[in-house]
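Given these sequences and hints, build the entire structure.
Number of protein chains: 2
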Amino acid sequence: MNTALSPAAAVPTLADPDTPFAVVDVHKTLRNIERLARRAGRLGVTLRPHVKTAKSLDVAALLNGGAPCPVTVSTLAEAEAFADGGYTDITYAVGIDAHKLPRVIALLRRGVALRVLLDSREQAAFVTEAAHEAGLTIPAQIEIDCDGHRGGLKADAPALVDIGRVLHEAGCLDGVLAHAGESYFAYTPENQRLAAENERDTAVAAAERLRAAGLPVGTVSVGSTPTAHAAEDLTGVTELRAGNYVFFDLVMAGLGVCRVEDLALSVVVTVIGHRPEYGWIITDGGWMALSRDRGTSVQAQDQGYGLVLDLAGKPIPGLVMTGASQEHGTLTARDAADLPNLPVGTRLRILPNHACATAAQHRSYHVVDSTRPTDHAPAIRANWERISGW
Amino acid sequence: MNTALSPAAAVPTLADPDTPFAVVDVHKTLRNIERLARRAGRLGVTLRPHVKTAKSLDVAALLNGGAPCPVTVSTLAEAEAFADGGYTDITYAVGIDAHKLPRVIALLRRGVALRVLLDSREQAAFVTEAAHEAGLTIPAQIEIDCDGHRGGLKADAPALVDIGRVLHEAGCLDGVLAHAGESYFAYTPENQRLAAENERDTAVAAAERLRAAGLPVGTVSVGSTPTAHAAEDLTGVTELRAGNYVFFDLVMAGLGVCRVEDLALSVVVTVIGHRPEYGWIITDGGWMALSRDRGTSVQAQDQGYGLVLDLAGKPIPGLVMTGASQEHGTLTARDAADLPNLPVGTRLRILPNHACATAAQHRSYHVVDSTRPTDHAPAIRANWERISGW
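Top to bottom, those sequences are chains A and X. Take the first sequence: its letter number 292 is residue 292 in the numbering used here, and every next letter is one higher. Adding 1000 to a residue's 1-based position in the second sequence gives its number in the numbering used here.
Bear in mind the hints are in silico, worked out from the structure with no lab data behind them. A hint or two may mislead.
What the hints assert, rightly or not - From chain A, some residues computed to sit far from chain X (all C-beta separations above 10 Å):
#	residue
1	A10
2	V26
3	A61
4	N64
5	A67
6	T88
7	G148
8	F185
9	T219
10	R294
11	D335
12	D369
Stated by the list, open to error - Covered by chain X, according to a simulated footprint, are these stretches of chain A (three or more residues, beta-carbon under 8 Å):
#	region
13	94-107
14	284-292
The C-beta atom is built at its ideal place from N, Cα and C for all residues, glycine as well.
Take a look at the structure:
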């Protein structure tokens, strides 16, 4: 642990490292992980967590009792770090670029079953050509668009079967993958359930079209944190993906996918000033520590840059981080009369809008365990490094 | 240089590293640096650049022909890295927290003239107490609020003279500091000029109040990128601060402080897909590479997540990055009929809204020089590391 400890402290606590810094509650993380693992078990599908949120081998070790499991990654840097950590079943869920194929091939040669994603004839051509030249197969999934969110082919797109055939003839066709990205804007349980049904139906329809053309489809992969928690029937699907759920965040709480008390990631900040004439408390945690993500700004309850807890993790009702510059945060009370008395030096924890974005602002996490409650500063039980870069 | 080069390339170019990555144009950076240095010279003040934007000793080496110069920092990690680089005249321009004083004292003991900032009696008390205990002086500046942007005392606040006296009696009173943060929303040259006048007037008034009470004020520090470029007379001011100007960005171009062609920071991305039915080009550069900052969203011309250049640096008229998920960017044309033909694999450069926030998403910069024009991929002349963390 690379933290400066106060001389008297036998065990480091959240009062010890200089602020701002990121904190992960291992108990809440485990509870979130177990909740979705149980769901996947009931639904009869493999869970393939997306490690882009935590980007940490230590957090990933909670997924499967310390043993490697299937994972999804958002960068080849993650794929390489997880391969180094013994993970051998990895899906790289961003459309493949030809320039990145040497690193993909290097991972395949190390024995990692690394799947790539594509949605165009051009990509199918350069992937199969590179596979041929390298004398191996590059397992590829065809991205299916289920809700107009981002990339992918519609399940009835003419190109789907052509691409499937090119991949199959090179031994590279692994399956199809869909992501209901628009479910982040599905504000009711019913709409989340419908988004999950649509995600499944679209992925399965694409797989059936390929099969009807004589093309074998192994993997039918779906998932997003909202739909993974809303799906009631995944018939035809082989695997479920979700990433954010390990930590959750205020966007997910606003959608009702989790409760605020499930949020496992927070940022510790210190009060450095007061502007009573404006109703502001100033902290040393700005957008560099929280990110510029304001995902809740489009939700019914805008949570600013985040909700405020005391250092022990207890919410301070009505206190919101409403402003951010690079290294300054501004806290205000929803009811101005209620601005609490928090002297200079007081440490607080901020619950973020978007865990993926906030975590990305930090190199590591200090780890606490909320099953060991304290009125004071929780003990730091470990420091977990993040993977960064591409 | 830690980049994978294509085997045929004698010199690495922007076509070589895997995307996304950050690029700094050393020529534009130098031109921006020289422009403000000339202004400061004409105005008769010391320039103390804020290194929080680039966070790079290599970029800082451009400020003064390779020799250390006075700098401003936003974190103690920057102060420590710059001290290691031989910089001995540093202002830490975020309100001081008592917990951070051991690192401040360690820097002072290394011979670094490190100034701290404060705006409360509590901070003055713990700073002077720590100085007394350590047997040294901690030079402190009193933060003055000139526009209600963030922290600081009004120039006529009763506490100002009390705090000044406490600091002076401990030998710690260095001066006053003001930052016209609201100038980022001053949309005309006249309003920027008025913001600069107000910033100067407020800082000088605070200094004069302290002097009238018999308290010696050495430093009268003002600055922000817009006011530093708008100030016409800095009588009474001793030093000027600005940070963003080394790179500039679309927010500053939108304010008219610079031209789009002055922007020295961009992010290289690759086209990975197309959704012609939506008018979208999909790239592998999302908010992880650009940040979530959307500063231009409140300006007359919203520039989305950024404007698009070809790899050689030539603008692609009307093409804007309008959407971002973690590792995906969406480009659209302002006039949908004009969506250019950019095949999968095409590399592009994105000019960001906010250079400080975009740069913070990267560990290093690849460096090009636009005075050596090319129709192809510019040569990479160096790789410059960034300072990160707190």
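How the hints compare with the structure:
1. A10: 18 Å, holds
2. V26: Check passes; 22 Å lies beyond 10 Å.
3. A61: 22 Å, holds
4. N64: The assertion about N64(A) holds, with a minimum of 23 Å to chain X.
5. A67: Correct as stated: the minimum Cβ-Cβ distance to chain X is 27 Å, above 10 Å.
6. T88: Fine: 22 Å to the nearest Cβ keeps T88(A) off the interface.
7. G148: 7 Å, violated
8. F185: 13 Å, holds
9. T219: Non-interface label on T219(A) holds, nearest chain X Cβ at 20 Å vs cutoff 10 Å.
10. R294: The assertion about R294(A) is violated, with a minimum of 7 Å to chain X.
11. D335: At about 21 Å from chain X, D335(A) clears the 10 Å cut-off, so the statement holds.
12. D369: 23 Å, holds
13. 94-107: holds (count 9)
14. 284-292: holds (count 6)
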